[in-house]
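J.: Residue-level listing of the chains:
Number of protein chains: 2
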Amino acid sequence: MDRQSLKTRIHTWLAENRESLTTFLQHVVQADSTQGNEKQAQQIVAERLHEMGLDVDVWEPDGNELKKHPYFYSPREQFSGSPNVVGVWKGSGGGRSIILNGHIDVVPAGDREQWEDDPFSGKIEDGKMYGRGATDMKGGNVALLAAVQCLRELGVSLKGDVIFQSVIEEESGGSGTLAAVLRGYKADAALIPEPTGMKIFPKQQGSMWFRITVKGRSAHGGTRYQGVSAIEKALQISEAIRKLEKERNDRIDDPLYDGIPIPIPINIGKIQGGDWPSSVPDLVVLEGRMGVAPEEKMEDARAELARCLEQAAEQDAWMKEHPPRLEWFGARWVPGSIDLEHAFMNVLTESYRDVMQADPVVEASPWGTDGGLLTQAGSTPSVVFGPGVTSMAHFPNEYIELDRVFECAEVVANTLIKWCGLED
Amino acid sequence: MDRQSLKTRIHTWLAENRESLTTFLQHVVQADSTQGNEKQAQQIVAERLHEMGLDVDVWEPDGNELKKHPYFYSPREQFSGSPNVVGVWKGSGGGRSIILNGHIDVVPAGDREQWEDDPFSGKIEDGKMYGRGATDMKGGNVALLAAVQCLRELGVSLKGDVIFQSVIEEESGGSGTLAAVLRGYKADAALIPEPTGMKIFPKQQGSMWFRITVKGRSAHGGTRYQGVSAIEKALQISEAIRKLEKERNDRIDDPLYDGIPIPIPINIGKIQGGDWPSSVPDLVVLEGRMGVAPEEKMEDARAELARCLEQAAEQDAWMKEHPPRLEWFGARWVPGSIDLEHAFMNVLTESYRDVMQADPVVEASPWGTDGGLLTQAGSTPSVVFGPGVTSMAHFPNEYIELDRVFECAEVVANTLIKWCGLED
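Protein chains in written order, with the working numbering: chain A, -1 to 422; chain B, -1 to 422.
Read the hints as simulated data drawn from the structure, not as lab findings. Be aware that one or more of the hints could be misleading.
Since the list gives no way to pick out one identical chain from another, each pair is judged satisfied if it fits inside one copy or across any two copies.
As a list, the in silico SDA-like pairs of lysine to any residue whose alpha-carbon atoms are at most 20 Å apart [to be verified]:
#, residue 1, residue 2
1, K37, G120
2, K241, Q355
3, K66, P253
4, K121, K241
5, K88, E45
6, K88, K157
7, K65, H320
8, K66, E302
9, K184, G92
10, K66, H9
11, K318, R215
12, K197, Y223
13, K241, E230
14, K213, E111
15, K37, Q76
16, K244, Q224
17, K213, Q270
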């Protein structure tokens, strides 16, 4: 079977199997896999891997082991009922191996009233499938699965191993992928189909969550001039953070971030303070997410925010005496990057061109992914490329365009052949 | 008994009974009487009124009746477990009656870490008693009680009625005083011992609570530029309110407000928004208190804030399409004022001079009191005069100076004699 005819057969197979693969994606989307509820969706995935003849490994990560690892973060330490699933297609030898890593967990549906349908409807309309997780990232996962299934059913034999991973916990700090790394799964490269809108992200932004506690002094609202409003101080802090964000982003000269308005944003996502309308509020808590540049060290970014708060406090008589308190809590995503000249980048880019008849857009990711962990804990250089779109991730009425899923599957199938090598 | 010797005997009685009255105040302060928890403190007061031989009326206001009244405002409509207490000392006839009105409810203690002792410790140190409500206004209530007890124990007989009221809900809109008005308690004048720092406040600022809901648009924090932060919009609103406050206060030329930095403040007391550190917050709610000038109409003040928000929204592309929503909710204190030449003002001022050997400071109140309701719903002209200090009200480590409590008691005892008239 020559490469050219195989390329055609892949295209044809995906077209012919589009309906059944779409139904399969629908089942996966319909299975609510918010944190703690991943089991049903994972069973669907594991069953399909079995049917495809892969060696399937299903296990519940051991929180006691995981929590010893410096990169562990999760709001929980107990994963019973939340299995990881890995399917291994062993190559014949002599080829390069690949990890195909997608997370099965989805963020909560949020305010149901903002959804036109049930958040887990899987409804298909105008070529789009709707549901929480459709774009982030079940559409991507099924694109990977479709690529593998296609090659299996076409009777292709590869030299390198293909390791398909359906992991938990990506949305809460990556302990699913960390567990897979600690179980020994490593490869020569990894592909993560997070919603890049078919762009290729060789560099992945890290991120971490912070909490800032700002003090004021209470007083009766009628004599508010005798108190110090923690809300007003929090506003000053918020402005200082906005300036720091600008400084940090002005420094970014990586061409991969060209055209991205704020490459590494600092987002204040939550504010809470005061407990009585007619009292001057004496405490405000801000919570947010700080982006970390792909080649930046987490600790350097942390130190920079700490310094920013110190400087803001220095300029204010009250905060000088009552400095805001900074904590790092909750989720954390390690940044990652692959050399732009890495062989896997070439293979993926070529495959994209072959299938899409256009040059891919190569950018840096606006968010953290499990790619940081794969790179830094698993020594597996990682690239992010997927069919979903960032603007739909975590949104009400999340959807995935089905055409993109199948285009992605086709690019990935061709990538596997070139990367892992075809056994003649 | 001539007036001069009675004046001396009042002074002596208060000095001799200072210790037991201080202990009584301590018990009242130690009884946490935040909203919904007033019962224990009210029982202590009612018991003392019984001991003094007054006709005691204890009742739980009927929310169903109250809520029909146009001046009713409370976050609740159910007052079971939260009784009002009134003690009536019936005069012999032919004299002017007086209402002595103090609220038993206290605002929440707030951040406990800012308190050196338990917020309900009642600790005495350096002539000060500490505790939430000590200054606002249990110290004042007990000063009134001490004045009445003093006259009773000295065997004084008055011509006019003395109606002592220990009411709930002042901190939440005055439904305790409204209930007392509706129960039929009216008088020729009222004295309210809110913390004026021994100043006399013939004009009482009104106030009302507002809630502003600011919308944003959610997005992933890593692409925050695709969303609209409701926190940032709330900051703009906060700045617009600061400007409005300045405009409104620049207009105040009443000499009673001379020396008060911000006569009618607008306080933002509470902020809450966003629900995930790495999402752009799509909703922020601000709650606050707007001061209303003594002669201003509540509806004019309301219209002014509404206009301010409209103008702020006009200047912002997002808010123009998604204007902030303004609601008036919860507490509301009607402004009130008594004629500076009213006979009760003369009596109180004279008594002050007699006792304190100095002219009283006459100012306008920086906050709303139940005096507005007494005046406007109860046709009872009201003056505010008390031993606490505004700067301690709603503060951590709130305290009252005990010397002021007894000075106030002495001024009030002499006021009662002159106002109600001594039966020969």
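J.: Now, for every hint given, state plainly whether the structure supports it.
T.: Quick rundown of the hints versus the structure:
no., hint, result
1, K37 <-> G120, "within (18 Å within a copy, 56 Å between copies)"
2, K241 <-> Q355, "neither (42 Å within a copy, 58 Å between copies)"
3, K66 <-> P253, "neither (38 Å within a copy, 67 Å between copies)"
4, K121 <-> K241, "neither (41 Å within a copy, 46 Å between copies)"
5, K88 <-> E45, "within (18 Å within a copy, 87 Å between copies)"
6, K88 <-> K157, "within (8 Å within a copy, 105 Å between copies)"
7, K65 <-> H320, "neither (33 Å within a copy, 44 Å between copies)"
8, K66 <-> E302, "neither (27 Å within a copy, 58 Å between copies)"
9, K184 <-> G92, "within (16 Å within a copy, 99 Å between copies)"
10, K66 <-> H9, "neither (46 Å within a copy, 73 Å between copies)"
11, K318 <-> R215, "within (14 Å within a copy, 34 Å between copies)"
12, K197 <-> Y223, "between (54 Å within a copy, 19 Å between copies)"
13, K241 <-> E230, "both (17 Å within a copy, 14 Å between copies)"
14, K213 <-> E111, "between (33 Å within a copy, 11 Å between copies)"
15, K37 <-> Q76, "within (14 Å within a copy, 46 Å between copies)"
16, K244 <-> Q224, "between (34 Å within a copy, 16 Å between copies)"
17, K213 <-> Q270, "both (12 Å within a copy, 16 Å between copies)"
Hint compliance for this structure: hints 2, 3, 4, 7, 8, 10 are not met, and every other hint is.
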